[in-house]
Amino acid sequence: MSWLPFAHALAARQDLPIPAWLFAWGASIVLIVSFFALSVGWREPRFERDRWRPLGAGLSRALLGLPAQILCGAVGVFLLGVAVYAGLRGTEAPDRNFALTFLFVTCWLGFPLFSVLLGDVFRPFNPWRAIGRLVGGGLTRLAGQPPAHFAYPERLGRWPAAIGLVAFVWLEIVYGVSGGVSVGLSPHAAGVAALVYSAYTLTMMALFGTEKWCRNGEVFSVYFGMFSQLGSFAVEDGRLGRRRPLAAATSWATTPGSAAVVIASIATTSFDGASEGAFLSALEWTFERFTDADLGLTLALRLTDTIFIGLCAAGVALIYLIGVWGMSTVDGAPPLRKLWSGFAHTLIPIAFAYLVAHYFSLFVFQEQAQFTYLLSDPLGTGSTDLFGTASSGINFQLLSANAIWYVQVAALVIGHVVALTLAHDRATAYWGDYRQAARSQYWMLAVMVAFTCFGLYLLSVSNA
Amino acid sequence: MNPPTKILIVLLALVTSVALAACGSSDDDSTREATATSTTRKATPEKPKTTEIVVRNGEPVGGMQELEYSAGDEVAFSVRSDVADEIHVHGYDLSKDVKAGGSVSFSFPAEIEGIFEIELEQRGTQIAELRVNP
Chain R
0 MSWLPFAHAL AARQDLPIPA WLFAWGASIV LIVSFFALSV GWREPRFERD RWRPLGAGLS
60 RALLGLPAQI LCGAVGVFLL GVAVYAGLRG TEAPDRNFAL TFLFVTCWLG FPLFSVLLGD
120 VFRPFNPWRA IGRLVGGGLT RLAGQPPAHF AYPERLGRWP AAIGLVAFVW LEIVYGVSGG
180 VSVGLSPHAA GVAALVYSAY TLTMMALFGT EKWCRNGEVF SVYFGMFSQL GSFAVEDGRL
240 GRRRPLAAAT SWATTPGSAA VVIASIATTS FDGASEGAFL SALEWTFERF TDADLGLTLA
300 LRLTDTIFIG LCAAGVALIY LIGVWGMSTV DGAPPLRKLW SGFAHTLIPI AFAYLVAHYF
360 SLFVFQEQAQ FTYLLSDPLG TGSTDLFGTA SSGINFQLLS ANAIWYVQVA ALVIGHVVAL
420 TLAHDRATAY WGDYRQAARS QYWMLAVMVA FTCFGLYLLS VSNA
Chain B
0 MNPPTKILIV LLALVTSVAL AACGSSDDDS TREATATSTT RKATPEKPKT TEIVVRNGEP
60 VGGMQELEYS AGDEVAFSVR SDVADEIHVH GYDLSKDVKA GGSVSFSFPA EIEGIFEIEL
120 EQRGTQIAEL RVNP
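In order, the protein sequence lines correspond to chains R and B. Under numbering that gives the first Met the number 0, the residue at position 23 of the first sequence is numbered 22, and the numbers go up by one with no gaps. Under numbering that gives the first Met the number 0, the residue at position 92 of the second sequence is numbered 91, and the numbers go up by one with no gaps.
Accuracy of the hints is not assured; some may be wrong.
Taking CB as the label site, the calculated pair distances span [stated by the list, open to error]:
(1) Ser250/R to Gly61/B: 56 to 66 Å
(2) Gly123/B to Gly64/R: 22 to 32 Å
(3) Ser197/R to Thr124/B: 52 to 62 Å
(4) Val103/B to Ala73/R: 43 to 53 Å
(5) Thr383/R to Gly61/B: 24 to 34 Å
(6) Pro133/B to Gly136/R: 20 to 30 Å
Read the hints as simulated data drawn from the structure, not as lab findings. Ideal placement from N, C-alpha and C gives every residue a C-beta, glycine not left out.
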């Protein structure tokens, strides 16, 4: 019996754990940077306004005009269709089927990366939004007025997306079980899940309105949109523009449930990383208790994983809560509730760093498969060779173990610095008095150091 | 001493101890691994010593075997099996059929770094893990 990280089902290799000396260096740099950060703090908030400036009108028209919208929407719907078809009709070998790599690597890992670099690129390609807008537009034309929707309960905020995010990762890592061994999701199950999610999303869009649901409940819009807040490109009032990097994030978490989304992201990545090493013996112990209780192998394994994902979420939330509680004890602090949502955006860079640290090599290697044999032979049955690349393979020598280690550690350290920057900036906005603001940040510093060192620790634990 | 300074000192002490503990334990791991695999590694420079993996009833005898090499070494192992199957080295993507009661041997340069599965392809049972360190 063994626990295998998600990457396992697709990739033929796993990362080596980072060596002890690199762990020590990484942790030392994190500490030095953190203490340095305390001494250089600026006194006026710099990121509270994003200073958005439009780029050329021609560029906006070309990229955002109706033809581009229709084209992007059609591409999104087409690719979702290909993924579903490949999942349902293609091979059950996870690494040879277009569906799994496309959904769980190209989209799930690619969109966060490109959202940070280029802005909210998922929005134009979102297949459900495209369908929702098409149907909505058609109904408006038929009835002569926009269709009526239920009022979205604002108190729910982004909670549906946070729960959906955990459900997605649960499906990805926990659901696929065979004889007490986690084997990953099968392509067929992924195809069915995509259809079920489509039906659910389109229903919700019909009930509450397409854009409303994309802002609050549509898992991928909310999740990828969260990462786009860190970057500098954004569309406002139908025009493409540039803004101060990181600044948009400061207003992201005002919607209820936003903290839950970012906590869910860190917790699920942690679980995937820890299940192969740090949590292995605890997982095995729990699994044995459940099998002793005659629960059956499949149920016992799923139950064990589910409990540990829950524990990860509780642990991440608790660390953040301690930081928030600590800040609330500093003189002149806003109420706990305001602090909880007010600092949630400072965890986005940590969530992004975790993603890069855990999935960077998988992304680089698996995208070679995506753009060669999975594109030419999406079903993996050997029956098609659309682009003549069906027999290509993955070049695993593209990245050396050292290169992967440096990227992993660099991602965590940079994420740490960006998180500290955002937290410090928010504190100067919340506390008029600079000395109190600085005092509150000892707590957030502790939170960030905890997350970053835990991230380093996960990378350093042997997955043997 | 004012409270922030105290918090800082506690924090520093905490993190340093965690870092030291983690480093200490990883050092232990690496020495343990080194001794466990010294049979394969120390003997390699001149004549590669071949590790034999024995498969009985479709399972590796003594549990999943660990093969550890440094990049550039010659990986050499053989599989003796009482069941017919295909031995697949992932990543390097090498496969050889083995007959029931037969034996196959592999020998190839360790040129891809990382951790790879060696499995009985048809049964989907992992019999060994190949580690290639930089």
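Outcome of the hint check:
no., hint, result
1, Ser250/R to Gly61/B: 56 to 66 Å, "59 Å, holds"
2, Gly123/B to Gly64/R: 22 to 32 Å, "51 Å, violated"
3, Ser197/R to Thr124/B: 52 to 62 Å, "37 Å, violated"
4, Val103/B to Ala73/R: 43 to 53 Å, "51 Å, holds"
5, Thr383/R to Gly61/B: 24 to 34 Å, "44 Å, violated"
6, Pro133/B to Gly136/R: 20 to 30 Å, "56 Å, violated"
Taken one by one, the earlier hints fail for this structure at numbers 2, 3, 5, 6, listed in ascending order.
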